[in-house]
Every structure is written in structure tokens, then in C-alpha cells.
Amino acid sequence: MAKRLPKKDVVIIGLGWTGSVMANELTDEGLEVMAIERGPWRDAPTDFPPSYMQDELRYRVRHELFLRPDQLTFSFRNKVDQTALPIRSWGAFMPPNGVGGGGVHWNAEMWRFLPSDFVLKTHLTERYGASFLPEDMTIQDWGITYDELEPFYDRFEYLCGTSGTAGNLNGKIQPGGNPFEGPRARPYPTPAQAQPFGHTLFGKAAQDLGYKPFPQPSGNLSQAYTNPLGLKMGPCTYCGFCEWFGCSNYSKASPQTTILPYLVRKPNFSARDNSEVIKINVDKSGTRATGVTFVDSSGVEWEQPADLVVLAAYTMFNVQLLLHSKIGKPYDPIANTGVVGRNYTHQTISSVNGFFDNKKYNFNPFIASGAIGMCIDEFNGDNFDHGPHGFVGGGYMGQVQTGARPIESTLVPPGTPKWGAAWKTAVKENYLSTVKPGTGVHGSFYAYRDVYLDLDPTYSDRFGRPLMRITMDLKENEVKQNKFLTDKFAEIIKAMGADKLGIQYRTAPYDISTYQTTHLNGGAIMGTAPTTSALNRYMQSWDVSNLFVLGASAFPQNPGYNPTLTVGALAYWAAKAIRDKYLKSPGRLVDA
Amino acid sequence: MRDSGRSFFAGLGIAVFVATSASAGDSDPQEFTQIERGRYLAVLSDCASCHTVPGSNQPFAGGRAIETPFGNILAPNITPDPETGIGSWSDDAFDAAIRKGLRRNGSRLYPAMPYTAYTKMSREDVLAIRAYLNTVTPVRNAVDANTLPFPFNIRASMRVWNMLYFNQGDYKPDAKKPAEWNRGAFLVDGPGHCGACHTPKTFLGGDKTDDYLRGGFLQGWSAPDITGDSRVGLGAWSAEDLVAYLKSGHNRVSAATGPMAEVVTLSTEHMTDPDLRAIATYLKSLSGKQDHPQTLSKEDAAMVSGGAIYRDQCSACHGIDGKGVAELFPSIADSSMVKSDDPTTSIRIVLRGARSVGTQAQPTAPGMPSYGRQLDDAQIAAVLTYMRNGWGAAAAPIGAADVARVRSDTALRPD
Amino acid sequence: MDKKDSGRLYFHRRELLIGAAYLMLGLSKAHATIIVDHLPWTPNAGNPPTAALPGSWVFFTRDEGRAMEAIADRIIPPDPQTPGGKESGSAIFIDRQLAGPYGRQDGLYVRPPFMKGTKSQGYQSEKGPAQEYREGLAALDLACKAKFDGKAFADLSDQDKDAVLKGLESAEFKLDGTDGKAFFDMAIKDVQMGFFADPIYGGNRDMVAWKMIGYPGSRYNYLDWVNRHNERFPLPPVSMTGRAEWTPQTR
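Residue numbers (the working numbering), protein chains in the order written: chain B, 1 to 592; chain R, 1 to 415; chain W, 1 to 251.
Keep in mind the hints are simulated off the structure, nothing from the lab.
The C-beta atom is built at its ideal place from N, Cα and C for all residues, glycine as well.
Possibly wrong hints are sitting among the right ones.
Claimed, not checked - Restraint ranges, calculated between C-beta atoms of paired labels, are given here: (1) B:T226 to R:G169: 44 to 50 Å; (2) W:P101 to B:I334: 38 to 44 Å; (3) W:T61 to B:K360: 46 to 52 Å; (4) W:E87 to B:V300: 51 to 57 Å.
What the hints assert, rightly or not - For lysine-lysine, the following DSSO-like pairs were computed, each having C-alpha atoms within a straight-line distance of at most 27 Å: (5) B:K480 to W:K166; (6) W:K147 to B:K418; (7) W:K119 to B:K79; (8) W:K119 to B:K7; (9) W:K161 to B:K428; (10) W:K166 to B:K500.
Said to hold, decoys possible - Selected chain B positions facing chain W (Cβ under 8 Å, derived; list incomplete): (11) R58; (12) Y211; (13) P406; (14) T410; (15) V427; (16) K428; (17) L432.
Just chain B, with the same shape it has in the complex (with noise of 0.2 Å):
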């Protein structure tokens, strides 16, 4: 029997990006808020110092910031028709843990998504008719606008100090940006940060190719800032353990960095680590959330009351809590009815890397940030006329690497043996002039009938939940979407001054057990109707109106871009609704 405890207004299941943001927005409104976190509480001193975070066999390999697995996994196939097996170990995608989530750990790469985005499927089908989109094919709408989510935009990118340049000013084309990007009110709180010798390299190649190459967006800083909540920050020292890792000096766009300090101090405000919710309670009609029942790290069981109750897990424990809560119809596939899981996508990833003469090149390729790189857009979203192609998505490429940990960046040209004296001496003669993208090419995952989430028959978690079931495959359109991207990128990396080059095409079948970004996105998607989707243009849910649920899991399908900066604004968004809206009038802001 769970013991109860005294109400709060609001408790929000979750204190990474989106809890933190919605926390420290309804605190301003003078609510009680309670966050809960299943994992423990991080701060850079503590947690990540330079003594000992720059371990890449502790972090990167043994990802030991991340989820275990044994206390929460997945399970997944391919094919409706296949037995789904768990994820008994991390490798698609790693899901984080703990105060800050994911934020602790990211590259910090901030891209606003295009305009078209928003309006995919009314967008794609007037420009090349609905028979050019695969059948199966799922895309929709947002319910929200590119223009509406502008000044939204603005605010994440100004409390993480994201350093960039801007491409489109209020419609001015501005030369050094994105000329693909839409429309923004102002430029970048601090300029771009400084490009090493590849990346800079792969920006005159691009150049010379007749592309417009600009700097990524980076929410590791070029300079020191302080935040509009008095937040200081310092700037990024290009250490090259971004990705995987805590920032041990206070430069990348974090909770920690950029909101918690602030937070916490408010009397308002309380949270709780190491404790696990496992259910969002609902009364007896069911469209009205009660609160949420956790479970602490010695095993017992709380009930947390609360007059409205925010999701804020990642996209993976969104869906799974709503599952488990019964809140929402379960997506059935087959029959095409539901929502709950529908919709699931990953990122199309893939690169090329490229092995210089290292009597020309040295690369030190061992200083970058997580967000460093040039970049090209020409190939993403609908930028380009997909007509002659037969395939619809996109993405941006660009010489995005972020280091050159030796374990994982000791590359040796195609051909040459993987051991041995030969292999010795590849590594030696080719470690320092080796460029390696990572994510070169970032291309969209679009949405898909079969590719959904559900409940698994047979597997369960330590609490005897079933396990969330991914059913999952690469289809046709990604696979040549990333063709055509990958050769384009090919092409540039040669221009280089490359001796040699290791493309590696993404292909199906998609494969648990290889890395390619923890982008996972949909599930609960938001959208114009409750037939077709979970929450609407709000991010409130359909069905239980005190009930809002952000991050990723509201993407209705994934562009070619990086998702945090999206998740960001969209929880201001959110948060404005409560605050204007909700709040004088709880209840359904949206007429379904």
C-alpha cells in the first residue's frame, strides 16, 4: 500500500531539459512543484571533474552515466511477424539517468527545424502529390507552426548561450549561416565557435563545391555568458569528451548549468533523485489525473497527489508511463486504431571518413566540442527537388567530429588488416590525420505504420511490468535518402585532400546493437486530432486534461536536424500555455 504524501500543485515525472524548464516556469507562477527522478543527482564538481571524466572506457564504452539496463530495457524486432528479444544491452541508443538526463551528456548540437517541418505532410504532398509518398508512410502535421514556435526558439537558444551564426534575420539572408533556416528575430547570443583545422577544411571544400557551409550551432559556448536567469557560464575549451560526458567547467548548456542553480533556490520548488515513478494515477472517470505513485531506492512506495501532473521522462518512459497508466488507446497497428505508440522514429545516420597523407595533415584531432563543425544543408528537409530521387527526407552533413578518443578513433584506411604489425602501423601513421565525422550525415527517419511501440508478451522489468516492445526497420525512403546523402558527402570529403575514404551507407535491416544517435522521437505524438494523435498542439493530452507530457515523444515524425532545441522550445510553449491558459481555466485547451 503506497503511503501518501502531502499534495503539491504540480509534480513533474522527470528533471532533465523539459522538467527543469517547466519547473522553474510554473515556481515563477507561485506553484508548489515536486520533480521526481529516477536517478541520482549530478553536478559537475561532483560528478564529472577533469580529474577523472576524461575516461573514455568508463563513460563512452562502458557508458556509465547512462540507464542500465537491468533496471529498465526494451524489447525489440524488426517485423510485426517476429518475436521481439530484449535489449540486454545498450547499442542503438542509450537512454540517460538522473538529474539533467540527457543534457548532462550531449553534444549540445542546436538546430531549429525548417518550416516545412511543421507542415511535412500538407508540405510534401502539395509539392510532389500523395502518390510520391511511400504508402505506408505515416507522416503529419504538428498542429504548430515554424512562425509560432519562433520566439520559443529564441528563448532556449538564449538561456543555453548557444553560440552560432546566424543564416536568416527576420528574412535577410546572412552570409556565414544557414541560408536554409527559417526566419529568426535576432542572432545568436554568442558568436560561432572556432573551427580546427578539419572542420575548416571541409568548409573551404564545400565552399570551392559551390555549397554554403556554415558553423554548427553549439550550445558549447565560444565565450563565457551569464543567462537571462544570472546563470554564468564558461567558455568551452575544446577538451574532446563532450558526447558520453559531463562538462567538468561549466561550458555546455546543461540544467545544471543553465537552470537548476537558479531553481533550486526557490522555496516553491522541491525534488527528489533515486526515485522511480511507475504510475500516473487516474480517478475512477479517467480523464483526470490524481498524481503519481513512485517507488524510492529502498523499495518503497509513495503516492505523490498533485493537481497537475507533468511527464517529462524522455521520450522512451512517456510512452511507456501512459502505457502502463492506460492512459490513451494503445496504437494496434494492424487495425490502424489508437495512438499510443504510434509514430515511433529514430535518426538516419551514417558517414565517410577520410585518411590523409600525414606528411600534409595534422589534424589534432583530439581538440573539438561536442557541437564543433561545419556544415551544409542543401540536402535536408524538402531544400532540394526530390523528383528525380523517389525518395522524401533529407538532412544536414558536415565534418562534425568531436574528438579523437583513441579506443574508438584509431581508424585504419579500408583494406588494411584489423591486427597485427600491419594494423600497428596504420594506426600510428594515420591517427593524427584521420578525419572522422561521426554523424556526418544526419538525415530525417519518417514515420511508419509498422514502426511503433507496444507492450511486449513475454519480458518484464523488475517491478513484473511488461517490457515496451520497439518494432523497428530502416525502409526504403531512408535507406536512399541516406544513399544519395552519404555519395554527396563522399564527394566533399575528397575534396578535402583525402588519399582514401571509408563510406559506411546506413542499411537495413535497422540493427539494435549499432550506435546511431539517442534521437528516438514519437510514441505520443502531438497533432490536430485525437484519432491520429496523443496530446495536442499543447502538448496537453487528449484524454486527461491535468495531464501534460513533453520531450521527443511529441515528434510526429523526425527531421534531419537534432531534436533537443525542438524539445526545448516546445516545453516553453507548453509552459506558456499553463501559465496564460491552463491555469485560469483547467481544462481542455483544445476542442477535440
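Since the structure of chain B is provided, determine the placement of chains R and W on it from the hints.
Leaving out everything else, chains R and W in the frame of chain B:
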């Protein structure tokens, strides 16, 4: 930061009751101006830092252990509770305690209660503090006042001590100095009692007046020189730097941590800007000892290895140029604390890490990681020696034995 | 460890914790706390890595250790400039890793049922690395003794060792009851990982691998080098335990 206004209103009714009983003092509990003045003086005097147990939500109820070189003393309950607090004290008795170091039964207070500084306040000041304390929520909390071991528990010996070290009397302004300087001197030597930490003590615990405000040692920390000395004091700070430091806990080169963090959050953060400027004016007017030691040669073994450690580790935050980042990471190159004669605080920060203070104006509260496990005593001594003599600075080197001493002294400390 | 019917060596399967037992590993803060009013702080906070202690094998038997060292020295042969896999400590690295959470599959989902899946469904065996190495090294020596007149792998000539390893790689040299190719792929990965990891873990002794490739180690501040393009970075490598220059050299 607890809002003391709440306890003011809650306590008001009870203060009225106390005032009408026979033994209460003659201050008028309904006189708001006096009470507000007393509240501010209590902030200046930082009464809460000793008389309030942190996190207890019982302001001034006493019971906090004050560590002295002679043992621990428990600060008494100074809420208006008639039996366990000072509710039944007369105003004269209260004034005698604050400004003369006398307990109600005539025995002496130990100078952990800084009556040697508070004596500089006037009777009106003290009665205002009394008026304020009368409005605080009474708390029933009997505190044992006699916890010092023999022979320090013989209060009568304080008579001799006071003859040596106690100069009773109000602050006398220096007519040759401007009003702001005198205000600063009053604040520093009176309610602020800065010398309690920042003036070194004789083995009997009295002030070494020749080294006034040139740094002291207590509770496992070294308090730095706060005269205008350009090398180890505040000489290189502008008045604005000092005001910013006291008000927000941070300035362009330094940050408050340890016991000073508490002084900022309980006291100086809540002082008026003119008062902070007065303190700055006064402190910077003190010339300091102006030592000029020789800087160590770059080839010195400690400089070489310390420089390597600094480049490989410390520069991550404090910068390759030693300048840190303003209001985020202290500047080693500009730090007078680093060059202090007593290096205890620098050593313990490196060993154990530190959290700088978070305030309304500067909420970030960045933390320094602990290096006690990664670096051994010789290495810590080397890197600190490097910092003390780098970038054109000069200070005596530190030895591994110094680090070992601080390592063992702080091993059981909770802060 | 106990012997099961088939004569193979099995590990006691770790007791599966039913219920809400807390499973975070390697972190000191394992209990729930409430954060309110100020950022948490304690002195000496932090969780430095667990060093691989020098000394005799912790996991490997003497024969297994010999075999592993021999494999390591063929995967990374010694040359005049840089030691090989054996001398630089890759086998020590693997030994300490297998004795620890990695070997035991700590933190992984090891609940039944175990079923063979498609390649895209990832590793589905309940064995884990410790058992895979135990079985693989035993099977390797058995196969070598059968083919090379009773000689274990470590006793073969370098030429024969390379032939055996190439045979494992191409799946032509078969091991009894063990997937030889998978075993060798795992060995390559782990030997090379130990070679490039921080020396605190037992391999890459004295940072020899980092010196070989020109990697400056666990540094943090490159602000004075990010704009210096195409120049050799001059500072020597430093590991988490520092470098020799950190200790004052008294003459």
C-alpha cells in the same frame, strides 16, 4: 533565505505579553523603527551565524556548537522564551552581556561571544537589537553554557583575560577622517567583528593587535589578510570589487566559500550598499605589512612540476593564463588568498573541493572538485607553490608537510 | 563457479533482484534524497575510477593468462618503437575487466528466456564476457594441442600463431563448442581497447600507445591551440594519474 519578517509578526503578540510582565525590558515592542533598526544591526552583527542552528528553522534558539581552540562552546538561546531564552532579562543585563561580556549572574562570557567588538556599539544600538529579538518566536530550548574542558571552564580567569584584551567602550570617531571611513571602521571593528576571524590570535585567544586584520586561523580555515596590502590583502581590489564580493559572494577575481560563504548569506548580502562601500573604504585604507618576498625561479623543482600539474589540470577552469572566468572561476593570478602566509584554506580547497556561495545576485554557486585522491601531498604542495609564484607573483613555497597537516586536520571535518 | 552436467564451467548466475532493489553501479550516491533550497555539497565528493592493481591474475588461470598474453602480442606485435600487447598490459587489462562488472554482465538485462534472435537483435546469450573468454581460451588451446603436437597456443611459433588467428578470423580454424570467429573478434576488440584506454586500467603501460599515435591524453584546455592549424601539438601525454613531471624532481 528565511524571511525574518514572518517571525516578526508571529512574535509580536507574545512580545507584548512579555513586555507587560514584571521582568521585561523597557524597550517598546510596538516601535517599528527601533525594531527594524535592531533587525539590521542583528544582520550586521551576524547573530544568526552562532545563535541559529542551520536548517533548524528556529532562529536564535541557540544550541550551535562554536569551535574554539579551547573546546566547543554552545551558543545560548536568545529568543524571548522566559525560562530557556532571554525573555526575562532586563535591558541592562542584555546590554552588559553584549557590550561588557557579563552574564546575568555577573560571571563572564567567553570571547567566542565577540563582546570585545560589540562593545563599540552604543547602548541605543543594543537596545534596538533587544527590541528586535523580542519579536522573534520564543523557542523552548535549554542550552548548556558550560561545555569547555578544565581549565577553561573557570570563568573567573576571564577577568585576567579581559584586562589583557578587552578595551571596553563605544566607537570613537576619528575626526580627521570622513564620515564614510568612520562608518566603515565602526562596522568592521564593531558589529561586523571582522577581526574575530581575520586578526591572528595569541595563544590565549586574544587579538595580536600588531597584526590587525592580517589574517587568522580558526575552525580549520585560514581567514585571509583584509588590509590594503597589495600582495596578500585587498590592495589590488577596487572598492567596487569588495562591495560586489560582500554583496553577492563573487567578484571578477574571487569567490566566497567555507565560513565566509555563511557570512555573506547571513550578513553582508543584506547590508546596504553605502555600508558596504564604507567597509571597503576603511579596509583599503589600512596599509598592511607590504612584504616583498622573492619569487621562486622557474627552474625550481616545485615550479616545474607545479606548472605541469597546473597546465594539465587546473587550467581547465582557471585558464591557461591563470585568470579564471569573471564571477565563475576565481583568478589564480590575481588571488591574494593564494599567496597568504597561512596557506591552509588554499590547501584544503584543493584537497577537499569547495562550493562557492550562491546568492540572489549570483546564484550559480560553482564548485571546485576535490583533488585529494588524485594528487599526493608533494604534488599539491608543488602546484600551490607554482600558483603562489606564477604570473609575476611571489610567496613562500609550501611543503608536503604543510599539506599533510591540513589533510589530517580536516579528515574528520564535515565542511 | 561450479561444473554442470556437460562438463563446462559455469558461473553462478547472479541472483536476480526481484522488486525495487536499487541497481546503480559504480556510483556512491545510491539512496534517494530530497533536494531543496541549495545545491547539495559534501567535501571530498566524487567517484574516481577503480584502478587495476598490479600483481598476479585475478580472473585468468595461469594457462589462460599465458594464452591471452600470446594472443595480445600477435594482435599488437612488439616493435622497436612501441611495446606489443603483452608488455603494454592488454592481457592484464582484460583480466581485471573480466573480474569486474563487465565480465559479470552487471547492469545488463539477463532475465530469461534466452532465445536466439536475428543479428539485428544483438547479443542474447546468458554467458557474458567472462564465460566467453573462459570457454574460448580453453577451446583454443585444445584445438592447438590437437593440431600442433600437443602445443598450446602460447607455445607455437609466431608464424603458426598468426596462421591460427587468421584461421579463426576466416572461420576456417574451428573451435569445439565455441564460435571461434566471434571469440577472436572479441579478443581483438578487448586487446586493442586495453592498449588505448587510460593506463589506470592495466593496459597502455606508461601511455606507450598514446605516445605512439600522438594523443595528448586527458587534457582539458586547448584554447591556445584550437586556432593553430596543421601544427604538431607539443605537450606530452598525461593520464588520469598524471605524468612523471607532476612529481617534483629534487636533485
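Hints, one by one, checked against the model:
1. B:T226 to R:G169: 44 to 50 Å: For G169 of chain R against T226 of chain B, whose Cβ atoms are near 47 Å apart, the range 44 to 50 Å holds.
2. W:P101 to B:I334: 38 to 44 Å: For I334 of chain B against P101 of chain W, whose Cβ atoms are near 42 Å apart, the range 38 to 44 Å holds.
3. W:T61 to B:K360: 46 to 52 Å: The hint (46 to 52 Å, Cβ to Cβ) holds, given that T61 of chain W and K360 of chain B are roughly 50 Å apart.
4. W:E87 to B:V300: 51 to 57 Å: Taking Cβ atoms as reference, E87 of chain W and V300 of chain B lie about 53 Å apart, which means the hint holds.
5. B:K480 to W:K166: Given that 27 Å is the threshold and the Cα spacing comes to 36 Å, the pair is violated.
6. W:K147 to B:K418: Roughly 25 Å between the alpha carbons, so the hint for K147 of chain W and K418 of chain B holds.
7. W:K119 to B:K79: 13 Å, holds
8. W:K119 to B:K7: 49 Å, violated
9. W:K161 to B:K428: OK: K161 of chain W and K428 of chain B at ~23 Å, within 27 Å.
10. W:K166 to B:K500: Roughly 25 Å separates the two Cα atoms, so the pair holds.
11. R58: 6 Å, holds
12. Y211: Status violated, d = 21 Å.
13. P406: 4 Å, holds
14. T410: Because about 6 Å separates T410 of chain B from the closest Cβ in chain W, which is inside the 8 Å limit, the hint holds.
15. V427: 6 Å, holds
16. K428: 5 Å, holds
17. L432: 5 Å, holds
Hint check: violations occur at hints 5, 8, 12; the rest are consistent with the structure.
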